[in-house]
Every structure is written in C-alpha cells, then in structure tokens.
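J.: Sequence:
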Amino acid sequence: MKKYEYTDKKDTRSGFGAGIAELGRSNPNVIALTADLAGSLKLETFIKENPDRFVQCGIAEANMIGVSAGLTIGGKIPFATTFANFGTGRVYDQIRQSVAYSNKNVKICASHAGLTLGEDGATHQILEDLGMMKALPNMTVINPCDYNQTKAATLAIAEHVGPVYLRFGRPVIPVFTPADQKFEIGKAWTVNEGKDVSIFCTGHLVWEAIKAGEILSEQGIEADIINIHTIKPLDEEAILASVKKTGCAVSAEEHMLNNGLGDSVAQVLARNYPAPLEYVGVHDTFGESGTPDQLMQKYGLTADKIVQQVKKVMARK
1 MKKYEYTDKK DTRSGFGAGI AELGRSNPNV IALTADLAGS LKLETFIKEN PDRFVQCGIA
61 EANMIGVSAG LTIGGKIPFA TTFANFGTGR VYDQIRQSVA YSNKNVKICA SHAGLTLGED
121 GATHQILEDL GMMKALPNMT VINPCDYNQT KAATLAIAEH VGPVYLRFGR PVIPVFTPAD
181 QKFEIGKAWT VNEGKDVSIF CTGHLVWEAI KAGEILSEQG IEADIINIHT IKPLDEEAIL
241 ASVKKTGCAV SAEEHMLNNG LGDSVAQVLA RNYPAPLEYV GVHDTFGESG TPDQLMQKYG
301 LTADKIVQQV KKVMARK
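Residue numbers (the working numbering): 1 to 317.
None of these hints come from the bench; they were simulated from the model. Check the hints yourself; a few may be wrong.
[To be verified] In silico lysine-lysine, BS3-like type, Cα no more than 30 Å apart, as pairs:
1. Lys211 x Lys48
2. Lys211 x Lys76
3. Lys48 x Lys187
4. Lys245 x Lys134
5. Lys104 x Lys232
6. Lys312 x Lys211
7. Lys312 x Lys134
8. Lys10 x Lys244
9. Lys245 x Lys182
10. Lys10 x Lys232
11. Lys195 x Lys76
12. Lys10 x Lys134
13. Lys76 x Lys187
14. Lys245 x Lys317
15. Lys76 x Lys2
16. Lys104 x Lys9
17. Lys3 x Lys104
18. Lys3 x Lys187
19. Lys9 x Lys187
20. Lys245 x Lys232
21. Lys134 x Lys48
[To be verified] Here are the simulated distance ranges between beta carbons:
22. Gln56 x Ala315: 24 to 34 Å
23. Ala122 x Gly58: 20 to 30 Å
24. Gly220 x Lys48: 51 to 61 Å
We treat Cβ as the ideally placed atom computed from N, Cα and C, and that holds for glycine.
Using the sequences and the accompanying hints, generate a full structural model.
T.: In structure tokens, the structure reads:
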C-alpha cells in the first residue's frame, strides 16, 4: 500500500487562486468575475496583475451569470466566482437557461462548498450542488481533493470548451498530490490499489479515504481507493474495473447522498455490474453551525465511518 505524507496544509480555494493567477499570465481571454467575494475566492493576485480583466458584479449573482454568458460570445473565457450556495442554488435558472442550454463556455467556480464552510451554518452550506449541476446537460462537474489538484483543475478547465462547475472549499487540508500533476477531466485517479473493497471518494473525503485505507491495511484489508475528481463525465470504466476486482464498494463525499457521487456510482453498477454498495455522506438533512472538524465528525464524514461502511459492505459480498 502506498503511503501518503504531507508537509503542508492549504485550503483548496487558494489552489484556485493560484491557478487563475497563472491563467491571467498565460491566457489573455480569461476574465474573472465575482459577486462581492474577491477576497474569499483568492482573486487578489489576478486582479492586481489584470485589473482590466476583472468584473465586480456586486451581490447580484444572477446578473454575473448573464454577464458571463455574454462574454463568451466575444470569445472570452469567464470564470464566475462566488460561494457554492449562491453560485448554484440562487442562480440555477440562469445557469440552466443562459449557460447549459446554449452550451456557453462559462466556468462557474464555487468556494465554501459542503459542511466545511463551518460556522456560517445551514443557510450558507450547500450539500445539493453536485447533484444540481450534474443534472444539467452539457455541464462538466469537478470536485478536486487538495490545493495542488485544485490548481491543476483550474488550469485544465480553461482549455476545456463548454460549461464547467468547479467546486472547492475553505478549510485547510493536507496537500498530498503532486505539484506538477496534469489534470485529466473525466479520468479518475487511483490513489491506492487493493483487492478487497473499492472506495470511490471525492473532494475533502479523499484524504479521509487514504486514512481509512491505512486503518484497513493494518487489519489485513486491501482497499482500492479511487479519487473521482470529475463527477461528470464519470469515469465508468475505472469504476467497473475496480468493482469487478473487489466485488463491493463504498462511496465517500461531502455532499447529500441524494444525487451525489454515490448515486452516480450506483447507476453505473446497476446498469453494468450489480454489486454491494454502501455510502458515506449526509443523510437528507441540512447542516448547522460548528467548526469543520466538529461537523465532519457529527455527520460521519470521517475515516472511521469509511472503515465502518467497508466492514458492512464486505459482509454483503
């Protein structure tokens, strides 16, 4: 089993900030827009270096999506940035009508997703966004796992033609993926190989899955850990190859179980290779105020919960 270590912790939103700053230097068509959240989205460097390519839309997210769609007509690549709750739930109609339906080249880049937004509570924590976005035709949906992967994904979506939803977060987490990685949209990353159980994980739960894999290894269980950073298009080939080897699976995500990664994995298995599947995620409830660690523990988004679900699903084989 490959061991993953880290020497630093950073927030994934800072990975986005580093990525868009690099794009500002290399791609003159990239435009950054925000809805009064430039600091929270780490746009300071981009704005300082490219003041003529920054649009402050104010607290008017629907207008920001419309402006972004219009910019694509002139060949620009707009990166529309705000909190995930406001960038999806508040403006779903505008995204559906002005971006997805007409297949506009808009990049919706959303921070503070999931429970780990923390103390701001349920009104700002969105746990439905991946499902909302993956339901839209033409939309690519990406949920990277650490600072380096978020930076790499930010660079990659600028090259991709079409609507993208890029999701990231506020808490500092271990940086464990390579700084020089090439991000492939729609291509899952095998974190560790094993023969006993498949763990499909995304976002902040990838590190928890790695910790779970270490616990399981000490108990003689070899986990196949797959980072599904691209929720749509889903790497069905990687999912099926893993489950055909292990015979069972667990999904792990910082998202509602309804219409999240686990639902996507279940559909793939139901259509192609029925096998036992258990889930780690939020069960049909809103979040609440608390520190990120407290909320992850309360809602069972932890390595220990993944281990528990692995034991449960292996008993069903």
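J.: Each hint should be assessed against the structure and marked as holding or not.
T.: Hints and how they fare:
no.: 1; hint: Lys211 x Lys48; result: 39 Å, violated
no.: 2; hint: Lys211 x Lys76; result: 42 Å, violated
no.: 3; hint: Lys48 x Lys187; result: 34 Å, violated
no.: 4; hint: Lys245 x Lys134; result: 27 Å, holds
no.: 5; hint: Lys104 x Lys232; result: 17 Å, holds
no.: 6; hint: Lys312 x Lys211; result: 18 Å, holds
no.: 7; hint: Lys312 x Lys134; result: 29 Å, holds
no.: 8; hint: Lys10 x Lys244; result: 36 Å, violated
no.: 9; hint: Lys245 x Lys182; result: 27 Å, holds
no.: 10; hint: Lys10 x Lys232; result: 25 Å, holds
no.: 11; hint: Lys195 x Lys76; result: 47 Å, violated
no.: 12; hint: Lys10 x Lys134; result: 27 Å, holds
no.: 13; hint: Lys76 x Lys187; result: 26 Å, holds
no.: 14; hint: Lys245 x Lys317; result: 12 Å, holds
no.: 15; hint: Lys76 x Lys2; result: 42 Å, violated
no.: 16; hint: Lys104 x Lys9; result: 35 Å, violated
no.: 17; hint: Lys3 x Lys104; result: 41 Å, violated
no.: 18; hint: Lys3 x Lys187; result: 22 Å, holds
no.: 19; hint: Lys9 x Lys187; result: 25 Å, holds
no.: 20; hint: Lys245 x Lys232; result: 23 Å, holds
no.: 21; hint: Lys134 x Lys48; result: 34 Å, violated
no.: 22; hint: Gln56 x Ala315: 24 to 34 Å; result: 55 Å, violated
no.: 23; hint: Ala122 x Gly58: 20 to 30 Å; result: 25 Å, holds
no.: 24; hint: Gly220 x Lys48: 51 to 61 Å; result: 54 Å, holds
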